[in-house]
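Colleague: Spelled out, the chains give:
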Amino acid sequence: MLEGLTPTSILLDEKELNSAQNTLAKNQLPTTRMEAWKYTRVAKLGKTNYTSSEETVTSIDSYRIANDATTFVFVNGHFSEELSSDEIPAGVSISPLSACMEGEIGSTNLILEGEIFNALNTAFLTDGIMIDIEAKANVEKPIQIIHVLKGEANLSNFKTIINAGDFSKAAVIQGFFAEDADRAFANVTSEISVGTNAFLTVDKVQYEAENTSHISTEQVSQGKDSTFTINTITLNGGLVRNNLNIEVNGENCETNLNGAYLLKGKQHVDNHSVVDHRVPNCNSNELYKGVIDDKATAVFNGKVFVRKDAQKINAFQSNGNVLMTDDASVNSKPELEIYADDVKCSHGSTTGQLDEEAVFYLRARGLSEKSARQLMVSAFIGDVLEKIENEDVLNFTHSLLKSRFGWDFE
Amino acid sequence: MITIKNLHASIDGKEILKGLDLTVNAGEVHAIMGPNGAGKSTLASVLAGREDYEVTEGSVDFDGTDLLDMDTEERAREGLFLAFQYPVEIPGVSNINFLRTAINEIREHKGEEAMSAKEFMATVREKSALVELDPKLASRSVNEGFSGGEKKRNEIFQMAMLEPKLSILDETDSGLDIDALRIVANGVNTLKSDKNASIVITHYQRLLDHIVPDFVHVLYDGKIVKSGPKELALELEEKGYDWIKEEMAL
Ligand SMILES: Nc1ncnc2c1ncn2[C@@H]1O[C@H](COP(=O)(O)OP(=O)(O)O)[C@@H](O)[C@H]1O
Ligand SMILES: [Mg+2]
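Going down the list, the sequences are from chains E and U. Each residue of the first sequence is one higher than the one before, starting from 2 at the first, in the numbering used here. Each residue of the second sequence is one higher than the one before, starting from 6 at the first, in the numbering used here.
Be careful, since some hints might not be right.
Pairs of lysine-lysine, DSS-like flavour, derived with a Cα cap of 30 Å [what the hints assert, rightly or not]:
#1 Lys403(E) <-> Lys170(U)
#2 Lys371(E) <-> Lys123(U)
#3 Lys170(U) <-> Lys371(E)
#4 Lys371(E) <-> Lys23(U)
#5 Lys403(E) <-> Lys115(U)
#6 Lys170(U) <-> Lys388(E)
#7 Lys115(U) <-> Lys371(E)
#8 Lys231(U) <-> Lys371(E)
Listed next, with one range per pair, are the computed distances between beta-carbon atoms [unchecked claim]:
#9 Ala37(E) <-> Pro96(U): 46 to 52 Å
#10 Ala134(U) <-> Glu252(E): 34 to 40 Å
#11 Lys313(E) <-> Gly18(U): 35 to 41 Å
#12 Glu118(U) <-> Ala37(E): 56 to 62 Å
Simulated from the structure, these hints should not be mistaken for laboratory data. Glycine included, C-beta positions come from ideal geometry on N, C-alpha and C.
With the hints as extra help, turn the sequences into a complete structure.
Modeller: This is the structure in structure tokens:
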């Protein structure tokens with residue numbers, strides 16, 4: 002899997018690089034015998050000989066999610082300067098990691114030991130981006146990172162670093178796409194730190210191809226009085242695994258995790274999240290919903306930890322799935338581990354089919370079967386989509402739903 | 006308008022309709038009465054095109070076309086309307102949004118222009134007033150959290166919006182108090198014309214004081230076993246269905 006790759010030239014910490022190489026030397030790819038990978042097979046990744054070639058795309062018109070944004074474009078993980086914005090808004094500094102000096106990239110909060118995809122990402126890091134939002138900055142335009150996979154068996158090891166300064170407010174959009182890509186693989190990490198009373202929203206739109214793979218890990222730490230929101234919308238991609246690890250380290254935080262996945266063909270999408278409430282007086286809300294068609298499979302595993310002294314936590318977690326065919330399947334496992342006694346936590350998971358009585362009712366009023374099903378799907382997924390505050394992201398999502406599924410929800 | 010001949014239908018291999026004949030002409034109101042389990046809702050479902058039922062014999066002509074050959078939505082677009090005995094709740098699907106889609110799909114089917122938003126809203130106001138349905142309810146999720154009476158009024162509201170040729174009302178009166186009954190009946194009577202027709206399925210004669218039928222039929226064991234003028238309903242109410250059973254046994 003690694004022969005065709007060259008070790009990273011990004012100026013990361015030596016110790017971290019050694020630790021990553023060590024993990025790669027000592028570990029195999031995870032198997033379904035491991036609890037965290039029970040329902041997701043990654044063996045085929047090990048059978049592919051990846052390279053990381055520089056490719057160019059001529060236009061990002063069909064990948065541009067927000068029109069009025071500060072945009073950075075990476076193709077196979079390589080920075081594409083000519084397609085990126087040259088103006089950076091006040092209060093922010095943004096730089097590709099390849100342009101960072103020795104010591105400029107801070108130490109990682111990713112777990113490198115035993116975590117093979119984090120280790121792979123570190124040891125063979127293609128490039129990445131560092132976004133520093135100054136304290137008190139209110140960044141009005143979203144910062145948009147567009148990732149395009151292109152060509153055959155390309156591996157993009159990419160890292161996003163976001164430091165949201167105290168009292169700042171910003172939104173980051175991550176769009177993942179594929180263009181004439183065959184068996185490409187995006188292995189992405191994000192290290193996000195949300196400062197005191199900072200507001201950070203990440204909208205993540207995944208729209209790669211049915212024969213591409215995507216594994217990403219977001220490692221987030223929240224300071225006190227902060228609000229972190231991540232909306233993950235997965236509409237294409239053959240194998241997708243999203244790891245979301247949130248450490249809530251300060252009191253009075255708000256954490257919102259929303260996810261919508263609409264799958265077809267043989268797609269497999271696995272959303273794994275951990276919210277770790279380490280301190281009292283915080284709220285977390287997690288709402289993931291999926292519509293699974295054809296032979297596609299979905300996995301949801303959401304874990305909420307409430308540590309011993311983390312009293313007065315409100316943690317809500319819910320996962321709903323609609324299976325459109327008998328061959329579609331889902332494994333849903335919301336989990337709560339609570340060691341404090343004064344908390345309000347709930348979790349729930351539902352999996353079902355569209356209500357055929359309702360479909361018949363709508364058809365009996367003159368709606369075509371397609372319109373009837375579309376309305377029902379739209380109603381089901383609607384409460385996740387309405388969490389997306391950025392109109393452009395929402396409109397873009399609707400346009401993808403229309404082009405991929407023929408669904409017109411608006 | 007509709008001619009049903011020797012209709013046989015079964016579900017899960019069990020025959021429910023066993024040779025049913027019925028003809029309804031434009032401008033007429035027909036009442037169908039009969040004991041529980043006789044097959045009244047089955048008839049309504051088969052006419053609306055519910056796929057769980059298998060038609061094994063017979064024919065249904067709807068204004069010159071073969072009704073049984075059409076999908077549920079085609080039947081609706083051709084002007085057939087079923088007010089459900091148990092209207093379903095559809096969370097998240099707005100009542101008026103779906104009606105607007107329905108109306109425009111019906112218009113497209115007929116080669117007509119789409120209804121403008123303005124005209125649509127005016128029609129919603131007019132028709133919801135007709136059945137005294139709170140316009141706020143009209144725009145909520147379909148039937149979600151509606152009382153029994155509100156669900157039935159919503160059925161008649163939708164009927165008024167869609168202006169069907171033939172309406173089949175399946176026990177729309179059951180569970181309604183006298184005021185709601187009067188409202189629903191008034192809605193149906195207002196919509197009545199010499200171009201449309203209705204089949205009113207009911208358990209109780211009381212509805213027929215408000216919606217006066219031209220004919221009353223008794224459906225028993227999958228067949229129409231007796232037909233007569235509106236007075237037949239009174240007779241049924243007085244004597245019950247045992248009388249019919251006895252008469253049939255003779
Ligand atoms: N899914 C089903 N499978 C088998 N029998 C059914 C099913 N649905 C209805 N029936 C039977 O069909 C008969 C007629 O039911 P229905 O048409 O609802 O009667 P009515 O509306 O006159 O009370 C009843 O005996 C009922 O038990
Ligand atoms: Mg019935």
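Colleague: Against this structure, judge whether each hint is valid.
Modeller: Checked hints:
Proximity of lysine 403(E) to lysine 170(U) is assessed by CA-CA distance (about 35 Å); at most 30 Å being required, the pair is judged violated. Using a Cα cut-off of 30 Å, the hinted pair lysine 371(E) and lysine 123(U) holds, with the two alpha carbons roughly 26 Å apart. At roughly 24 Å between alpha-carbon atoms, lysine 170(U) and lysine 371(E) fall within 30 Å of each other, so this suggested pair holds. Restraint check: the Cα-Cα separation between lysine 371(E) and lysine 23(U) comes to about 33 Å, which exceeds 30 Å; the hinted pair is violated.
For the hint linking lysine 403(E) to lysine 115(U), the alpha-carbon distance of about 26 Å falls within 30 Å, and the restraint holds. Only pairs whose Cα atoms come within 30 Å are accepted, and lysine 170(U) paired with lysine 388(E) is rejected, the gap being roughly 43 Å. Of the supplied pair hints, the one linking lysine 115(U) and lysine 371(E) holds, its CA atoms being roughly 19 Å apart against a limit of 30 Å. Distance hint between lysine 231(U) and lysine 371(E) is unfulfilled; the C-alpha atoms sit about 42 Å from each other, more than 30 Å.
Look at alanine 37(E) against proline 96(U): about 34 Å separates their beta carbons, and that is not inside 46 to 52 Å. In this structure the hint that alanine 134(U) and glutamate 252(E) lie 34 to 40 Å apart at CB is violated, the actual value being about 54 Å. Between lysine 313(E) and glycine 18(U) the beta carbon distance is about 60 Å. The supplied range of 35 to 41 Å is therefore violated. At roughly 57 Å, the beta-carbon separation of glutamate 118(U) and alanine 37(E) lies within the given 56 to 62 Å, and the hint holds.
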